[in-house]
Amino acid sequence: MAKIMTVDDSVSLRKLVAQTLAGAGHDVAEAANGADALSTAKQKTFDLIISDLNMPGMDGLSFVRQLRQLAAYRTVPVLILTTEMDPAKKKEAKEAGATGWLVKPFDPSQLLATIRKVLD
Amino acid sequence: MSELNPMTSGTAKNAAESEQLLTFIVDGQEYGVDILRVQEIRGWSAPMPIPQAPAYIKGVINIRGDVVPIADLRERLGLPTLPYGQTTVVIVLRVLGGARERVMGVIVDAMSDVTNVPTGAVKAPPSFHDSSEPSPARGIAMLEEKMITILDVDRIFGEHVVIR
Amino acid sequence: MTLQLTDLQRQLLGTFFEESFEGLEQLETGLLALERSSKADPETINDVFRVAHSIKGGAGSFGLAAISRLAHEMETLLDGFRAGALSPTPDALSLLLEGVDGLRGMLEATRDERGYSEESLGRLCERLKAASARSAPHPAAPAEPQSPPAARSERTFAFRFEPHSHLLESGNEPVRLLRELARLGALKLEVDRSRLPGLRALEPNLCYLGWHGTLRGAVTLAEIKEVFAWVEGDADLEVTEVVADGAVTPAARQPTTNEEPVAPKTEAAPAATPGAANAPAATAARGDAEAGLGSIRVAVDKIDLLMNMVGELVITQSMLGELEGDGPLDAHRVERLREGLGLLARNTRSLQESVMRLRSMPIGIVFNRFPRLVHDLGRQLGKEVELKIAGQNTELDKTVLEKLGDPLVHLVRNSLDHGIEAPELRRAAGKPELGTLELRAYHRGGDIVVEVVDDGKGIDRTRVIARAREMGILGPDEEPGEDALRDILFAPGFSTAKEVTNVSGRGVGMDVVRRNVKSLGGDVFVDTTPGRGTRISLRLPLTLAIIDGQLIRVGVHAYVVPLLSIVESVQVEPRRVTRFQGQRDIYRLRDELIPMMDLCEVLGVSGQRVSVDEALMVVVEADGEHVGLLVHELLAQQQVVVKSLESNYGRVEGLAGATILGDGSVSFILDVAGIGRLMRRSHAREGVRAA
Numbered sequence: 001m002a003k004i005m006t007v008d009d010s011v012s013l014r015k016l017v018a019q020t021l022a023g024a025g026h027d028v029a030e031a032a033n034g035a036d037a038l039s040t041a042k043q044k045t046f047d048l049i050i051s052d053l054n055m056p057g058m059d060g061l062s063f064v065r066q067l068r069q070l071a072a073y074r075t076v077p078v079l080i081l082t083t084e085m086d087p088a089k090k091k092e093a094k095e096a097g098a099t100g101w102l103v104k105p106f107d108p109s110q111l112l113a114t115i116r117k118v119l120d
Numbered sequence: 121m122s123e124l125n126p127m128t129s130g131t132a133k134n135a136a137e138s139e140q141l142l143t144f145i146v147d148g149q150e151y152g153v154d155i156l157r158v159q160e161i162r163g164w165s166a167p168m169p170i171p172q173a174p175a176y177i178k179g180v181i182n183i184r185g186d187v188v189p190i191a192d193l194r195e196r197l198g199l200p201t202l203p204y205g206q207t208t209v210v211i212v213l214r215v216l217g218g219a220r221e222r223v224m225g226v227i228v229d230a231m232s233d234v235t236n237v238p239t240g241a242v243k244a245p246p247s248f249h250d251s252s253e254p255s256p257a258r259g260i261a262m263l264e265e266k267m268i269t270i271l272d273v274d275r276i277f278g279e280h281v282v283i284r
Numbered sequence: 285m286t287l288q289l290t291d292l293q294r295q296l297l298g299t300f301f302e303e304s305f306e307g308l309e310q311l312e313t314g315l316l317a318l319e320r321s322s323k324a325d326p327e328t329i330n331d332v333f334r335v336a337h338s339i340k341g342g343a344g345s346f347g348l349a350a351i352s353r354l355a356h357e358m359e360t361l362l363d364g365f366r367a368g369a370l371s372p373t374p375d376a377l378s379l380l381l382e383g384v385d386g387l388r389g390m391l392e393a394t395r396d397e398r399g400y401s402e403e404s405l406g407r408l409c410e411r412l413k414a415a416s417a418r419s420a421p422h423p424a425a426p427a428e429p430q431s432p433p434a435a436r437s438e439r440t441f442a443f444r445f446e447p448h449s450h451l452l453e454s455g456n457e458p459v460r461l462l463r464e465l466a467r468l469g470a471l472k473l474e475v476d477r478s479r480l481p482g483l484r485a486l487e488p489n490l491c492y493l494g495w496h497g498t499l500r501g502a503v504t505l506a507e508i509k510e511v512f513a514w515v516e517g518d519a520d521l522e523v524t525e526v527v528a529d530g531a532v533t534p535a536a537r538q539p540t541t542n543e544e545p546v547a548p549k550t551e552a553a554p555a556a557t558p559g560a561a562n563a564p565a566a567t568a569a570r571g572d573a574e575a576g577l578g579s580i581r582v583a584v585d586k587i588d589l590l591m592n593m594v595g596e597l598v599i600t601q602s603m604l605g606e607l608e609g610d611g612p613l614d615a616h617r618v619e620r621l622r623e624g625l626g627l628l629a630r631n632t633r634s635l636q637e638s639v640m641r642l643r644s645m646p647i648g649i650v651f652n653r654f655p656r657l658v659h660d661l662g663r664q665l666g667k668e669v670e671l672k673i674a675g676q677n678t679e680l681d682k683t684v685l686e687k688l689g690d691p692l693v694h695l696v697r698n699s700l701d702h703g704i705e706a707p708e709l710r711r712a713a714g715k716p717e718l719g720t721l722e723l724r725a726y727h728r729g730g731d732i733v734v735e736v737v738d739d740g741k742g743i744d745r746t747r748v749i750a751r752a753r754e755m756g757i758l759g760p761d762e763e764p765g766e767d768a769l770r771d772i773l774f775a776p777g778f779s780t781a782k783e784v785t786n787v788s789g790r791g792v793g794m795d796v797v798r799r800n801v802k803s804l805g806g807d808v809f810v811d812t813t814p815g816r817g818t819r820i821s822l823r824l825p826l827t828l829a830i831i832d833g834q835l836i837r838v839g840v841h842a843y844v845v846p847l848l849s850i851v852e853s854v855q856v857e858p859r860r861v862t863r864f865q866g867q868r869d870i871y872r873l874r875d876e877l878i879p880m881m882d883l884c885e886v887l888g889v890s891g892q893r894v895s896v897d898e899a900l901m902v903v904v905e906a907d908g909e910h911v912g913l914l915v916h917e918l919l920a921q922q923q924v925v926v927k928s929l930e931s932n933y934g935r936v937e938g939l940a941g942a943t944i945l946g947d948g949s950v951s952f953i954l955d956v957a958g959i960g961r962l963m964r965r966s967h968a969r970e971g972v973r974a975a
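Chains as they are written, first to last, in the working numbering: chain A, 1 to 120; chain B, 121 to 284; chain C, 285 to 975.
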């Protein structure tokens, strides 16, 4: 099963994602913001990263940008999990290097289906 | 997608073609609880009685530094009680009530088995309880060789434990 | 309302509530800051926007559609501020504060499984919507267009898919997309290798391949485009429908949605260059105030300290280890052993203190709610008050913090209502019209002091005395000293308010404040100067999690009485016992009469009662009164770690918590004040029965 990191400043949402993934047998790490996530990413390797956009400290976009600078993460899929995705934000996220997006409200089966697709 | 869509909670269903029950015997009857709720199974150790507690709450015990209440299922179901001893079994369960989770031990007569029950084999319990007291059963599993009463632990222990 | 939630959601719902309440406090603080400042600080606006946004997303994910909706309307209005299309006028901010209250109410109602008024929610949403609409039409995120119901007939599409070379760097994988495409129907594919360079020039991170082919199946153009949605702009995509004779239908070239056309794409999409995009508006790093009460964020230096202590512990352990050996236990070794054990005791104590300190959190978490309260109350009372906060980083035990909120609210309300005068009165008294209320927290000795200070009119001593005489608390000729005066102020039911307002003055309060603070092991002090102001100090212990206890035996069980509440222990002499009204035993201890209480009865220990002849009586102080607890035996005195009985069970009157004794058994810590209340209640019942 895959190694996945979920990044969200909201503990409840992060746990919701993490526990859904863990329930599907994935190995899950959590980070509360971009800076945490970046340092975790440097210490371990992940097959997939799921990140919120709106976070205090380092937000999702700068996190993805900096992550893509790391050689080990040039092609690792990064999914954006966010409440809203207006086209401008989508464009910005893509330009930062995001692979795709999932729109909240969070739906466990949709999340797992998307992850299956990406990790296929 | 609109962000106002209510969460579709039925989505977890697809994995639950069958459920695993931990089954046990109380007063000659086989009962079951969702195995995911079971934290551990232990023998009897005398609990510290709690003042002003309902009669079926026998007290609290120490489980690895956690203070956990122990309930007698026979007494909760209105069955005659048995003396506790070496053969008494305590199932430690996670119980939900009022948006929080509690851990509690439930005294049963004896352990039985772990049984896989196909979702289709579970029938709603007949409602011969009067409506004021909700049925303690979540359903009855009708298997070829036997029937298992599936307890709704949240209903029987989730709310009543709250003392204010 | 009942929620349809999965087990997982239900488990995390508590966390969500906690998080949201914290968020609301932040939101409130931010909105008040905006109200005070003359110009709208973009960072604050960003922060409050982010909080509303988070609550909206969280609520949606927990199936709380109505909460999500209200948060959405607030967010839209805040987004208007953010975009500069709207300015944060006092009216708009008031409306948002109403929204905060609304959200809080709904969250509380949901948490407590109560209902709330859908109607008033609807009205609030409408007003927020109207306020947002007051600006030039704000470009709201367009709703994802619904694709028209397509006829489910067999169709054939020809497509060409040419990823830009950097596609892999967004984590997308063309093979995955093609596989997904194959799920939609029969896929015929040809690879275009024309861009593939020689092996030497090949960069593994770049994509050189392209594909074209046909897809045949009951599929729509929208579905095909959906597959490629994530790579829009990172690849050229052309999709055209092929009709039976092989000609291309021109109509299918038109995009079926009002999105930016994907196919055919003529202009070369610019390659995304990471880092070159406009720099993100990095939100300021937030400090310690982020941590809520449910979770503890620990500063690194606290952990370092802990590490050092563990280091010392290891050294002590190895020193003791060296003493182990075959030689005789001579005087030298005994001396070393004693030294080592002393060191071990010191290490353990400081380790214990440090671990306790991990539980402490800044009082700012509690102080945060006051700007709003003072603002609202000041308006309501027509008083101008400036709130000053000092020492918000002073740390208190988490449990103390949780119980401190209500007493502080009461004290602040009192100060605003009774302490600080109306502007005209202040002017007449030669004071500035703007009153000052100060909340501060600091360390003193082993305690934490939390103060509520106002520069109001002070407590009128003569009026307090007069009122106390009127109420019969004080005899007509008694002249109370300072301590007695304080006791009057904290007497149950005491109030000098001429009329009851809804702010304060019901006389339920000060006694409750004192009781709460005392239940935390602290005390309350009053210092007042007529015409100049009042200072109320709450003195609280640093930590609660470990207490010094006296173990007692009642029946076969051991219980713990907090040592602090014990006045003395005496062997009962039957001749000093009097039966009062044939019901209650009273003990004459020197010149004091002490009600006696059989703990067997209170604790529901069946069987043996404590016979007065053989009993020991532990005299404890509860709410300023002495009570004698009858016990079978006094056991050891020891420190015990307080464990919650509520986390798995519930609150029990008369018990302060549980603890685990050295032998692993559970014991209960008695709440002496609670036992006193139980006794008075059963007393009252018996009185009724006797009458």
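Treat the hints as calculated values from the structure; they're not laboratory data.
For each residue, glycine too, the CB sits at the ideal point set by N, CA and C.
Hints may be right or wrong, so weigh each one.
Unchecked claim - Think about it this way: if two alpha-carbon atoms lie no more than 25 Å apart in a straight line, the pair counts; the simulated DMTMM-like pairs of lysine to aspartate or glutamate are:
#, chain 1, residue 1, chain 2, residue 2
1, A, Lys89, C, Glu474
2, A, Lys117, C, Glu464
3, A, Lys15, C, Asp396
4, C, Lys509, A, Glu92
5, A, Lys3, C, Glu930
6, B, Lys243, C, Asp291
7, C, Lys672, C, Asp660
8, A, Lys44, C, Asp588
9, A, Lys15, B, Asp147
10, A, Lys15, B, Glu265
11, A, Lys15, C, Glu930
12, A, Lys117, C, Asp588
13, A, Lys91, C, Glu930
14, A, Lys89, C, Glu510
15, C, Lys586, A, Glu92
16, A, Lys117, C, Asp396
17, A, Lys15, B, Asp154
18, A, Lys89, C, Asp325
19, A, Lys15, B, Glu160
Stated by the list, open to error - Here are the computed distance ranges between Cβ atoms for each label pair:
#, chain 1, residue 1, chain 2, residue 2, range
20, A, Gln110, C, Arg935, 35 to 43 Å
21, C, Arg965, B, Ala244, 53 to 61 Å
22, C, Gly497, A, Gln110, 54 to 62 Å
23, C, Leu848, B, Arg162, 34 to 42 Å
24, C, Ala417, A, Pro87, 38 to 46 Å
25, C, Ser437, B, Met262, 41 to 49 Å
26, A, Asp27, C, Gly497, 34 to 42 Å
27, C, Val925, B, Gly217, 24 to 32 Å
28, A, Gln110, C, Glu717, 25 to 33 Å
29, B, Val234, C, Asp897, 54 to 62 Å
30, B, Met262, C, Gly497, 25 to 33 Å
31, A, Gly23, C, Gln921, 57 to 65 Å
Evaluation of the provided hints:
| no. | hint | verdict |
| --- | --- | --- |
| 1 | A/Lys89 to C/Glu474 | 34 Å, violated |
| 2 | A/Lys117 to C/Glu464 | 8 Å, holds |
| 3 | A/Lys15 to C/Asp396 | 22 Å, holds |
| 4 | C/Lys509 to A/Glu92 | 20 Å, holds |
| 5 | A/Lys3 to C/Glu930 | 37 Å, violated |
| 6 | B/Lys243 to C/Asp291 | 21 Å, holds |
| 7 | C/Lys672 to C/Asp660 | 16 Å, holds |
| 8 | A/Lys44 to C/Asp588 | 24 Å, holds |
| 9 | A/Lys15 to B/Asp147 | 41 Å, violated |
| 10 | A/Lys15 to B/Glu265 | 41 Å, violated |
| 11 | A/Lys15 to C/Glu930 | 24 Å, holds |
| 12 | A/Lys117 to C/Asp588 | 44 Å, violated |
| 13 | A/Lys91 to C/Glu930 | 50 Å, violated |
| 14 | A/Lys89 to C/Glu510 | 18 Å, holds |
| 15 | C/Lys586 to A/Glu92 | 40 Å, violated |
| 16 | A/Lys117 to C/Asp396 | 40 Å, violated |
| 17 | A/Lys15 to B/Asp154 | 22 Å, holds |
| 18 | A/Lys89 to C/Asp325 | 23 Å, holds |
| 19 | A/Lys15 to B/Glu160 | 24 Å, holds |
| 20 | A/Gln110 to C/Arg935: 35 to 43 Å | 41 Å, holds |
| 21 | C/Arg965 to B/Ala244: 53 to 61 Å | 44 Å, violated |
| 22 | C/Gly497 to A/Gln110: 54 to 62 Å | 29 Å, violated |
| 23 | C/Leu848 to B/Arg162: 34 to 42 Å | 36 Å, holds |
| 24 | C/Ala417 to A/Pro87: 38 to 46 Å | 22 Å, violated |
| 25 | C/Ser437 to B/Met262: 41 to 49 Å | 45 Å, holds |
| 26 | A/Asp27 to C/Gly497: 34 to 42 Å | 37 Å, holds |
| 27 | C/Val925 to B/Gly217: 24 to 32 Å | 26 Å, holds |
| 28 | A/Gln110 to C/Glu717: 25 to 33 Å | 59 Å, violated |
| 29 | B/Val234 to C/Asp897: 54 to 62 Å | 57 Å, holds |
| 30 | B/Met262 to C/Gly497: 25 to 33 Å | 53 Å, violated |
| 31 | A/Gly23 to C/Gln921: 57 to 65 Å | 49 Å, violated |
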